[in-house]
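With the hints as your guide, set chain S onto chain P.
2 protein chains.
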Amino acid sequence: MNIEALHREYAAGTTTPAQIVEAIFARIASEGVHPVWISLIPKEQVLQRAAALQNQDPTKLPLYGIPFAVKDNIDVANHPTTAGCPAYAFTPTESATVVAKLEAAGAILIGKTNMDQFATGLVGTRSPYGAPSSVFSKDHISGGSSSGSAVAVASGLVAFSLGTDTAGSGRVPAMFNNLIGLKPSRGVLSTHGVVPACRTLDCVSIFTQTAADAAAVLDVASGPDPKDPYSRTPTPGAGASPWAAASTFKFGVPAPSALQFFGDTHNPALYQAAITALKSLGGEPVEFDLAPLLAAAQLLYKGPWVAERYAVISDFIQAHAAEMDPTVAKIINGAASYTAVDYFDSAYKLQHHLRQTEQAWKAFDLILLPTAPRTFTHAEIAESPIERNSQLGFYTNFVNLLDLSAVAVPAGMRPDGLPFGVTLIGKTLAEAALLPLADSLQRKLNQTLGGSKDLLAGTTPLKPATTPTGTLLMAVVG
Amino acid sequence: MNIEALHREYAAGTTTPAQIVEAIFARIASEGVHPVWISLIPKEQVLQRAAALQNQDPTKLPLYGIPFAVKDNIDVANHPTTAGCPAYAFTPTESATVVAKLEAAGAILIGKTNMDQFATGLVGTRSPYGAPSSVFSKDHISGGSSSGSAVAVASGLVAFSLGTDTAGSGRVPAMFNNLIGLKPSRGVLSTHGVVPACRTLDCVSIFTQTAADAAAVLDVASGPDPKDPYSRTPTPGAGASPWAAASTFKFGVPAPSALQFFGDTHNPALYQAAITALKSLGGEPVEFDLAPLLAAAQLLYKGPWVAERYAVISDFIQAHAAEMDPTVAKIINGAASYTAVDYFDSAYKLQHHLRQTEQAWKAFDLILLPTAPRTFTHAEIAESPIERNSQLGFYTNFVNLLDLSAVAVPAGMRPDGLPFGVTLIGKTLAEAALLPLADSLQRKLNQTLGGSKDLLAGTTPLKPATTPTGTLLMAVVG
Numbered sequence: 018m019n020i021e022a023l024h025r026e027y028a029a030g031t032t033t034p035a036q037i038v039e040a041i042f043a044r045i046a047s048e049g050v051h052p053v054w055i056s057l058i059p060k061e062q063v064l065q066r067a068a069a070l071q072n073q074d075p076t077k078l079p080l081y082g083i084p085f086a087v088k089d090n091i092d093v094a095n096h097p098t099t100a101g102c103p104a105y106a107f108t109p110t111e112s113a114t115v116v117a118k119l120e121a122a123g124a125i126l127i128g129k130t131n132m133d134q135f136a137t138g139l140v141g142t143r144s145p146y147g148a149p150s151s152v153f154s155k156d157h158i159s160g161g162s163s164s165g166s167a168v169a170v171a172s173g174l175v176a177f178s179l180g181t182d183t184a185g186s187g188r189v190p191a192m193f194n195n196l197i198g199l200k201p202s203r204g205v206l207s208t209h210g211v212v213p214a215c216r217t218l219d220c221v222s223i224f225t226q227t228a229a230d231a232a233a234v235l236d237v238a239s240g241p242d243p244k245d246p247y248s249r250t251p252t253p254g255a256g257a258s259p260w261a262a263a264s265t266f267k268f269g270v271p272a273p274s275a276l277q278f279f280g281d282t283h284n285p286a287l288y289q290a291a292i293t294a295l296k297s298l299g300g301e302p303v304e305f306d307l308a309p310l311l312a313a314a315q316l317l318y319k320g321p322w323v324a325e326r327y328a329v330i331s332d333f334i335q336a337h338a339a340e341m342d343p344t345v346a347k348i349i350n351g352a353a354s355y356t357a358v359d360y361f362d363s364a365y366k367l368q369h370h371l372r373q374t375e376q377a378w379k380a381f382d383l384i385l386l387p388t389a390p391r392t393f394t395h396a397e398i399a400e401s402p403i404e405r406n407s408q409l410g411f412y413t414n415f416v417n418l419l420d421l422s423a424v425a426v427p428a429g430m431r432p433d434g435l436p437f438g439v440t441l442i443g444k445t446l447a448e449a450a451l452l453p454l455a456d457s458l459q460r461k462l463n464q465t466l467g468g469s470k471d472l473l474a475g476t477t478p479l480k481p482a483t484t485p486t487g488t489l490l491m492a493v494v495g
Numbered sequence: 018m019n020i021e022a023l024h025r026e027y028a029a030g031t032t033t034p035a036q037i038v039e040a041i042f043a044r045i046a047s048e049g050v051h052p053v054w055i056s057l058i059p060k061e062q063v064l065q066r067a068a069a070l071q072n073q074d075p076t077k078l079p080l081y082g083i084p085f086a087v088k089d090n091i092d093v094a095n096h097p098t099t100a101g102c103p104a105y106a107f108t109p110t111e112s113a114t115v116v117a118k119l120e121a122a123g124a125i126l127i128g129k130t131n132m133d134q135f136a137t138g139l140v141g142t143r144s145p146y147g148a149p150s151s152v153f154s155k156d157h158i159s160g161g162s163s164s165g166s167a168v169a170v171a172s173g174l175v176a177f178s179l180g181t182d183t184a185g186s187g188r189v190p191a192m193f194n195n196l197i198g199l200k201p202s203r204g205v206l207s208t209h210g211v212v213p214a215c216r217t218l219d220c221v222s223i224f225t226q227t228a229a230d231a232a233a234v235l236d237v238a239s240g241p242d243p244k245d246p247y248s249r250t251p252t253p254g255a256g257a258s259p260w261a262a263a264s265t266f267k268f269g270v271p272a273p274s275a276l277q278f279f280g281d282t283h284n285p286a287l288y289q290a291a292i293t294a295l296k297s298l299g300g301e302p303v304e305f306d307l308a309p310l311l312a313a314a315q316l317l318y319k320g321p322w323v324a325e326r327y328a329v330i331s332d333f334i335q336a337h338a339a340e341m342d343p344t345v346a347k348i349i350n351g352a353a354s355y356t357a358v359d360y361f362d363s364a365y366k367l368q369h370h371l372r373q374t375e376q377a378w379k380a381f382d383l384i385l386l387p388t389a390p391r392t393f394t395h396a397e398i399a400e401s402p403i404e405r406n407s408q409l410g411f412y413t414n415f416v417n418l419l420d421l422s423a424v425a426v427p428a429g430m431r432p433d434g435l436p437f438g439v440t441l442i443g444k445t446l447a448e449a450a451l452l453p454l455a456d457s458l459q460r461k462l463n464q465t466l467g468g469s470k471d472l473l474a475g476t477t478p479l480k481p482a483t484t485p486t487g488t489l490l491m492a493v494v495g
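Heads up: the sequence lines are chains P and S, in that order.
Its first residue numbered 18, the first sequence is counted upward by one per residue in our numbering.
Its first residue numbered 18, the second sequence is counted upward by one per residue in our numbering.
Keep in mind that the hints were calculated from the coordinates and are not lab data.
Small disclaimer: the values here were computed from a predicted structure and weren't measured.
The reader is advised that the hints may include incorrect statements.
Given that identical chains are not distinguished, each listed pair holds provided it fits within a single copy or across any two copies.
Straight line, CA to CA, 20 Å or less: simulated SDA-like cross-link-like pairs of lysine to any residue [said to hold, decoys possible]:
no.: 1; residue 1: K461; residue 2: E400
no.: 2; residue 1: K366; residue 2: L218
no.: 3; residue 1: K480; residue 2: E21
no.: 4; residue 1: K60; residue 2: L316
no.: 5; residue 1: K244; residue 2: Y365
no.: 6; residue 1: K366; residue 2: T217
no.: 7; residue 1: K244; residue 2: Q376
no.: 8; residue 1: K470; residue 2: E111
no.: 9; residue 1: K296; residue 2: L435
no.: 10; residue 1: K319; residue 2: D359
no.: 11; residue 1: K470; residue 2: F333
no.: 12; residue 1: K366; residue 2: H209
no.: 13; residue 1: K244; residue 2: H157
no.: 14; residue 1: K461; residue 2: A286
no.: 15; residue 1: K244; residue 2: Q373
no.: 16; residue 1: K379; residue 2: P243
no.: 17; residue 1: K244; residue 2: R372
no.: 18; residue 1: K296; residue 2: K379
no.: 19; residue 1: K366; residue 2: P241
no.: 20; residue 1: K366; residue 2: S331
no.: 21; residue 1: K244; residue 2: K379
Okay, chain P solo, but in the shape it has when bound (with noise of 0.2 Å):
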């Protein structure tokens, strides 16, 4: 399923937005509501919004008809918001500014998706609410944590889903279910009404089977919104990025010998193809220094930047960490120890490597980086819940960090029959100009859209803008 799809039957008169509606609820009411979903908005409820929608003009809205679905850490009015702990729900009053955005644009909320308590991991095992599969798979995991999202949009049931994503939250889940997954850079999307994780670091993600319907996605929720102190007003030229309307870009890649795979044997030649697909489309690899970005990012994961989630439901962990997921509570109660002292000598540190980095960023005008080194199953993870948790991040942690942006791509199948992703990584605000790269390396890599056999190239290419967004034609005379 996905926007363009659906807004062509809308117009052929094929379906209405009030069956794809019904569709959608039999589907889940005969494959139940976990570990996909948390809680589902009521059928009739959502069947009133649809035939609401027919009053409309569907002209006027680009998201008419569009089921979606959002991560539980992300408000609906009157509706449980959970973050993936069911003795934290409460009911706002209000949506997220997010999804108030969306529904403007004629988008259909189907209900709210699993996801690690708290979003405090990259699994999406870590839930009371079951542990939902990879598409491919029963037996591997979904990714996380924002798993449920993935697994919506991957298996059909809505066109796009909202995640969230701090630490990677919204590609590793896109790699392990062939999906787009869109984290712009922090303060694009409004996190007003959103639980935060690092409320310094969250970004509210777009997990679409085409980099089109992200493009769609992102136009409608992004924006400025005085509700959220972090939001963003981008100053007109920030985001510029030439190289994306120009024939030729050059392209960071790590040196063979600073990339980890985990012991996985399959993704390194998938990695390898990814590059060369790259290069295919103009993009000349230029080879740089992963370790300022792996040292950013043990900042992350073994630094004071855990005390964000602690800072957020500190009362709420005092008298509750018996009801918490036993390894969310783990990590977020580690966070008591560290002092501001330890902050502050992290900053500096994460200073340092921006720096570095911004030197980097001199050589080439985007990275690209495998999605994840590898995946595990169910088993695996019980296994060794925290340390591989950490090694599905190695190639995302650190994007938050040094307020990049990100898009996770579809980058074709293992022998096994599980997907590959890689991820084009894009400077601060640069998240626009990256889909339409995102989409052309998609179709020299993926065939299928999800979970299903619907092919991509039955699909509209996103043309990049013929003048890139942001770009200023500007005479400087002072």
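Chain S only, in chain P's frame:
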């Protein structure tokens, strides 16, 4: 002593750099090194430097032969840095970037000035090297923490000096000594080679007798520095200040009920006179709510940012607290109790206040505030060293936290012969745009320069750039 006057004399051949150096050392010999200075560059070395200048082209050196001083938390190669604490002293092998730039432009370093230990204080009394006094009253404090740097300029020992400013240390002593005190936005002047106070907030500041001199020093000393991770490379258009080239502008003033002078009876009228003067220069006063700025200030003074002071000397303080100024040791030791959770809680509050103030800025181009509410005698500070220190920062504390630019401007003499001062506060990177207005305002309110009888009227006015710094003519096409 000021740059313009010295250059006039050099051009006329009525004096030479060597003669100026001799005169300075003669005065210091008669007045004593302490409490203004912590250490001097050896006279022979300074004379060699002056002699070497004779082989260079004065027209190519914007600060040719200009004697200056730096606060003793700023490194000078092969000369001890104490930060006001003898037990902490070390001898760097490299000069701070700003010192190297000023020397390369022809300036002659005389020595290193006294300061509140570890730049922790606004009083100037927290030093084992003695407590400087205002050049206008031996009973009154000089202000701090850049105490000696202000007094050295006000007493005509040097033409300009560098201080540092984290919460007002470059502005409060400017008021108490009838000087221009320029605190640029964070990262405009490199802090490489400067002992940090709060590394994320510290700014190198400039003391001069005139705004034109401050502009000349800013021009030389500013610029990106790869050695300072917090150095800033302004993007084109950043700091655009169209008001600076317009004939009218709007300036924020607090509601009268929000003003605090802590018992002083002269300064309220002088502040009103400054408002009147700024109106006569084309300004329209706009009342604004001081509360979010004061709330941000509270975070600095009573919150986890003090942990930055601890982070920088954590090893030292554990071994040498007894060798520190007791007030400074007490303040910095208090930082150990803050947790990383405390830091993030405060960071979220700061972000909220930052957004509140961004809204407020839409109503005006700059802010006019008293530089300090009042001054104190040495005896008054001894009575209440912490509370009265805090009162001094009432109008300065929030500026660095909110990443604003500021120029302290002499604003007339009180009936008791002590100077009053006001500060023009601009948006980020507006420092260069503020200076011509500071010059015009000083000319409205003030007659003499520093602690001298020299007349401001004898100096050349600083004109605004015809197109203000940072302004772009731009056509948005994408």
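Against the structure, the hints:
1. K461 with E400: neither (37 Å within a copy, 76 Å between copies)
2. K366 with L218: both (16 Å within a copy, 16 Å between copies)
3. K480 with E21: Close inside one copy (15 Å), not across copies (59 Å); limit 20 Å.
4. K60 with L316: Neither way: K60 and L316 sit 44 Å apart in one copy and 48 Å across, limit 20 Å.
5. K244 with Y365: Between copies only: 13 Å across chains, 29 Å inside a chain, cut-off 20 Å.
6. K366 with T217: Both, since 17 Å and 12 Å are each at most 20 Å.
7. K244 with Q376: Answer is between; shortest inter-copy Cα gap is 12 Å, intra-copy 34 Å.
8. K470 with E111: neither (38 Å within a copy, 65 Å between copies)
9. K296 with L435: neither (24 Å within a copy, 71 Å between copies)
10. K319 with D359: Classified as both: same-chain Cα gap 11 Å, cross-chain 18 Å, threshold 20 Å.
11. K470 with F333: Neither, since 44 Å and 66 Å both go past 20 Å.
12. K366 with H209: This pair counts as between: shortest inter-copy Cα distance 15 Å, intra-copy 29 Å.
13. K244 with H157: Answer is neither: 39 Å inside a copy and 47 Å across each miss the 20 Å cutoff.
14. K461 with A286: within (15 Å within a copy, 74 Å between copies)
15. K244 with Q373: Between. Shortest inter-copy distance 11 Å satisfies the 20 Å Cα cut-off; intra-copy 33 Å does not.
16. K379 with P243: Between copies only: 14 Å across, 34 Å inside.
17. K244 with R372: between (31 Å within a copy, 10 Å between copies)
18. K296 with K379: within (19 Å within a copy, 47 Å between copies)
19. K366 with P241: For K366 and P241, only the inter-copy Cα distance (19 Å) is at most 20 Å; the intra-copy one is 30 Å.
20. K366 with S331: Answer is between; shortest inter-copy Cα gap is 16 Å, intra-copy 26 Å.
21. K244 with K379: Between. Shortest inter-copy distance 17 Å satisfies the 20 Å Cα cut-off; intra-copy 35 Å does not.
Going down the numbered hints, you'll see the structure goes against 1, 4, 8, 9, 11, 13, while the others check out.
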